[in-house]
Structure formats: structure tokens, C-alpha cells
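Residue numbers (the working numbering), protein chains in the order written: chain A, 19 to 382; chain B, 25 to 401.
These aren't lab readings, by the way, just hints derived from the structure by calculation.
Just so you know, these numbers come straight off a predicted model, no measurement behind them.
Please note: incorrect hints may appear among the correct ones.
Below, computed lysine-lysine pairings styled on BS3-like, alpha-carbon distance capped at 25 Å [as the list claims (entries may be wrong)]:
| no. | chain 1 | residue 1 | chain 2 | residue 2 |
| --- | --- | --- | --- | --- |
| 1 | A | LYS367 | B | LYS379 |
| 2 | B | LYS85 | A | LYS97 |
| 3 | B | LYS385 | A | LYS218 |
| 4 | B | LYS40 | A | LYS226 |
| 5 | A | LYS371 | B | LYS385 |
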Amino acid sequence: MPTERRRKTPEELLRECQAEERAAVKKGHLKIFLGYASGVGKSFRMLDEARRRRERGQDVLVGAIQPQVPPEVEALLRKLEVIPLKQVDGGLAIDVDSILKRRPVVCFIDGLAYNNPPGLRHATRWQDVQDLLDAGIKVVGSINIQYIAELRDQVQEITGKKITETVPVAFIRSADEIEIVDAPPEEPIERTPQEQLDAKRREHQLSKLRELALVLAADVVDHELQRYLDEHGIQQHLGAQERLLVCITPRANVQDMFDSARVIAERFHGELIAAYVNQTNISPEDRESLEQKLAVARSAGAQIEILEGEDPVAAILDFARSRGITQLFIGHSQRSGIGARLWGNPVDKLIEKSAGMDVRIFPQ
Amino acid sequence: VNDRVDMAEQRRARLKIFMGYAAGVGKTYQMLSEAQELRSKGCDVVVGYFEPHSRKDTIDKASGLEFIPRKKVSYRGGAFEEMDTDAILGRQPHFAVVDEFPHTNVPGSERAKRWEDVQALLDAGINVLTTMNIQHLESLNDQVWHLTGIRVRETIPDWVVQQADAVVMIDLTPRALLHRLERGVVYGREKAERAMQNFFRESTLVALRELALRQAAHEVEHRIVQDASTAAAADGRAKDHAQHRILVHVTADPQTAMLIRRAKRVSDFLGAECFALVVEKTTDLAHLPQPEREAIGRHLNFARNLHLETRVLEGEDSASILVDFARRNEITQIFLARPRVRKWLPLFYPSLVQKVAAIAKDMQIVIVSGRGNPAKY
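Chain A with its partners taken away, still in its complex shape:
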């Protein structure tokens, strides 16, 4: 990847500042175990970590357990110190005051997505956890992908269940570490045809939830990587994420480009960006056509960037480099024949200078 000298974009400067701030106000460390269904073994994996830490001599406390636990989790809990949830007005909540008073080094919270009973300081449990973190306590928590606020609609579509207790994705993203629990047990039992069909249906649902969980975990890891690179002053894009940039011009046939870009972005779980380079002497017809094209971009779910620059090719490439674009989408050049040969066309120029990215040229 090129690490050539160039002016930093405002976005990069902002990230640098954020990295510095983070380092300055770093409080408790948050680790999350993320699963895609109940029964994959989140509680066991998390509390097994508590056991191992305790055996290594760390000061470990369990601040929340699930209402019902399987025998293997119960066995783990017998080896651990637990501050039970407190009963408030017919509901249960973490006993924040007792935990703060006890001040463990690491506190384990099994189940982050619970609403608190009314009348408490916070409405939800994850906010209580934030208090523990602010007090400098390291928190290890578990959550099921079905309880992420922003995914609520998708989850409801997949499972048909309505979810009322959720955690915002920003809280998950703020985690210092995330670990995915992804081990559905092998089912050796022979079943009747009807049972097999039901199992198939359930498997399909679970697969979709699992995909959501894996992508969320990958996003969190991507942020973690970016943070690491920023903190070490490395201007390089290393993540495994595909980032697609569609270049819009007034004459481009954008429908095909966006149809294709959307499918690729979905399949690769990538980011989709559309950019056009602002031109001053643009005709009213071109202006109108541009607006239509931007509307297509928006409906394909692309982020839209308007770039400035004398040389459109340079503007696109600078932007692409700063965002770690992996695939560039452009239309075939309209120029051909001797004119193109003499002056070169912009598509050729773009290809020549876009080392490190794939360029996908579309029919116009």
C-alpha cells in the first residue's frame, strides 16, 4: 500500500485526535462475548474465562447471572464470587453500589441487554455497566446478536419475534475486545422427515443471525485495527473489508454500476461510496442528470462524497487512497479513435495511476 506523503484529510486528522483523546481518558476495559442464539455457550465461555482468571490469582467478581443456568455453568459459578442482582419493584438490576464498593479488578456481567425496573438511575443495564467502566473496573459481558438495537428490524424479520430489550451498537463498537461464540454442536440424532424440515427452517434462521453476528464482530475488529494503526501513526489500510467507490459523471450509466456495486458490497459485506467531482461550468442539463444519478446512488445505499479539484482523475484517486478503496467503478471512456490516442482518455489515466486497487469499467 502506498504510504506516500500527502496532506492529511480532515477525517484522518479527526481520527488522530480521537486516538489521542482515547489514550488520555482511557477508563475501564470492556470485553464482549457475542453469540447469535441462546444455547451456543456464551455464559459458559465467559464464566470459564472468569474461572481461569481467578485461578491465576486475579480479583474477579460476577455481577450478573442469567435467571436460568445449565448445570455446567452452575458448576463454574460455585467456584466464583457473585454479587447477586438486586430486587427492585418487581424487577432485577445489577447492584451497582455494592460492586463499586467491592471494587473488583474484573467484573463479569452475563447478559447485557436488560431493561432496569423503573426508578433506578439508568433505564438499561448497559448504562449501569458504563458506570462500572467509568469507575475504572474492567467489565466482561455477554450478549446475543438478537438484542442489538440497530438490528432489531432485521432480527424481527428473521425470527418473527419482537425484541424490547436492546443495547445500541455504538456500545458494542466501543468494546476494546470482542469475542464471537460460534460453535453450534453437531446433531447426531436421526430425525423424522417433519423434524428434519423444522430443523432446516430453524437452521436457516440461525444462519442469518449468525451472519449478522459475524459481520458485526468483523466491524468491531476493523475499528480496533484502525485504532491500533492510528495510535501508531500508520497511514495504511489493512483491514479485510472491501471498499467500493463508484465514480459518477453526468453521462455515466449509473444504474448498472450501482446494481452491480450493491450486489458486490452485499456479498463481500463491504462499504459502498459514490463520488463525483464538482465542476463549475456545468450545463443545466448535466446538472439535472447528475441529480438523478445521485438519487440512484442514494437508493443503492451508497454514501455520497462530493470532491473538489482541478483534475478530476487526481481528485478521485486522492480520495480513494485516503479511504482505502479496494475497487473503483467507472464507465467506459466515450472518447475513442485518434482523439483518445493522442490525448489519452481519463479512464486510461485512472487505470495507470490506480495501483493497489481493482478498476471495474462499465458499459455506458
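Starting from the known structure of chain A, arrange chain B on it as the hints suggest.
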């Protein structure tokens, strides 16, 4: 409805892969836990191959399981041990545990690769549990090199992994993995220190892990799409025709391997068919110097290994022959390597890319570029 269930019952044995992003994340441990669970439910489980790496926890997990003794193989005066596939086939268990899926067998073994041994077990109706790291997936080879600076030699074609019934991601945070290394759980102390300077730098681990998570998500998505189209076919609905057909231009250029991988990855993602085409003056390549001829042969073999259909066509003008082939075969995307020469001379020497772009304005053309040099931290 019954037909579909019958189809499901007739299919061959199940393959389950425990996928990780580095040594020490706990793949083998998880696999053995599952083997123990199966055994406790009364299933007939044997261990076909197990690499203990002198890790105590893992060795404990294997206790009580039935082991099929390894086969002794001698090669160039050295003694080696390989999985005894014939013995497992003779024993006919319900489940076989086979560690290190990407392993290459000692030359002279019946099959070159362990994944081929596993294939034989599956064909015989034996369910297999196995382990691998994401780095060994063929289509990710360039990306892994870019992230780690290491060119992984033992790779598994993607179609082998895609036919698995389940791919389970074994996850562990890089920090926890580094702690394990420091405590000497994964390797001995000395080897651990060396490892931490190379492959096990935190940033490398984080990047590999992201790669693994995205790949796992992709595997899940791939299966959802496939199940949906199988179901549609079974219901008598119109079969979803592959919308895209991809053509890769194969030459002696070393970039070709990367080009094939990228094209194959995109065609897998899109469910497209993929062709590899060589255009040379003679189809037997006799006019070429030996190194080039061999390179083209290697690239064609590589393409066939990844299940691409390959062709060699005769002609002088590569661009027009490529485009002509594309038109006749309803190709929608042509994959070409980025031209190597830095300075273009458009007037006198249009590059292949320019020529193809000029005459195939009705097709998508993808110019593939290496992702640059490996990361430096």
C-alpha cells in the same frame, strides 16, 4: 416435500470444519470437545489424526477417544508419520476426527493432500471433523501475504471448504492469544518469542482475525443463497441462472495466479461461471521459451485446480481474440492484470487493457491490481 428430505438423506457424509485465524486459538480443543460429546451420546467416533503440539489441555481432551495408529512412511531416508486412511476406511466409524486439514502428505503417499484423504473418508460415508486456519484458503493467499508478508504454500481450494456442511469460527481475541503465547501454552518459550516477532504481532493477528470473521460471514451467506436456490429447484421453480460469466486472461506473467484467485473469488461470490483463456501464436505453445511455456502450464493447472474451465486459443491479436471469445460465450466480465509497464505510450503501443477496453465497450472489464507490498509496522 418428501422428495427433498430423501435427497437430503441420500447425500454423503457430513464435513465440519473448525476454522481459526492462528495457531493456538483452540480449534483442536473445540473439535475434541465435540468428539467427546458425540461419544457420550453413543456415537462411534475415532481419531484419525491428531497433532498434540504438547499442549496439555488439548491432550487431556483427547483422553478416552479411540485412536487409529498413524502409518509410518519413509522418504529419502527419513521416517514420517501420516494418517492411515485405509485403516480408518476399514474401521468404518460414524465420525472421524482429522486435525490439520491443509497438510501436505509426504511424497509417495497415496494422495498428495490430507484434504484428499478426507474426501475419501466422506465418500465412504464417514462424517469428518477437521481443523484449519483461514490463511490456508486459496483465494485469500494474496491478501494473507499482504497482511503478514508470508506466502502460505499449503493451500486448500475454496470449493473444498464450500462443500463443508458447517464451518465454525473458533474465535479468541488477539490479546488473549498473545497471553497464551507468553505463558507458553501454544509453543515452547523460545519458539513463542520468535513467533511473536513474526506472525503473532498484534496488528497482524487483528487483521487476520477480521479476514476470518468476514470469510466466515461469507461462508454463511453463501450457504443461505445456495439453500434458497436448491429449495427453488426442488419446488419446481425456475432455476436461477448464473447471471454472470467471467473470463480470465492467462499469461506467463507471475501476476496471473493472483488474477485467477481474484476472478475466482468474485465468481464464487456472484455465483458466476468462470473461464480461463490463453491466447498464443500456437496452441501447443512450442514457439515460447521454456520458462514461459512452463509458467503458462502452471497457471492453467492452477486454474483447473480451482475448477475453472480452461481453453488455449491460437492467434496474434490477443485483444480481439479475447473479446471475440467473450462475445461467443456470453461473457459479462473480463478480468485482466494491470499492465506492468509504468510509462504508457498510448499512441504507438496501446496496452492489452487499452485495446480490450476500446473494442469491448459493451462488457465489464476488471483490471486487477496487487494490493501492494506486504504491510510494514
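Verification of the hints:
1. A/LYS367 with B/LYS379: Status holds; Cα separation ~14 Å.
2. B/LYS85 with A/LYS97: Between B/LYS85 and A/LYS97 the Cα gap is close to 21 Å, so the pair holds against 25 Å.
3. B/LYS385 with A/LYS218: violated, 45 Å
4. B/LYS40 with A/LYS226: holds, 19 Å
5. A/LYS371 with B/LYS385: This hinted pair holds, its Cα atoms lying about 21 Å apart.
Against the hints set out earlier in the document, a violation occurs for number 3 only.
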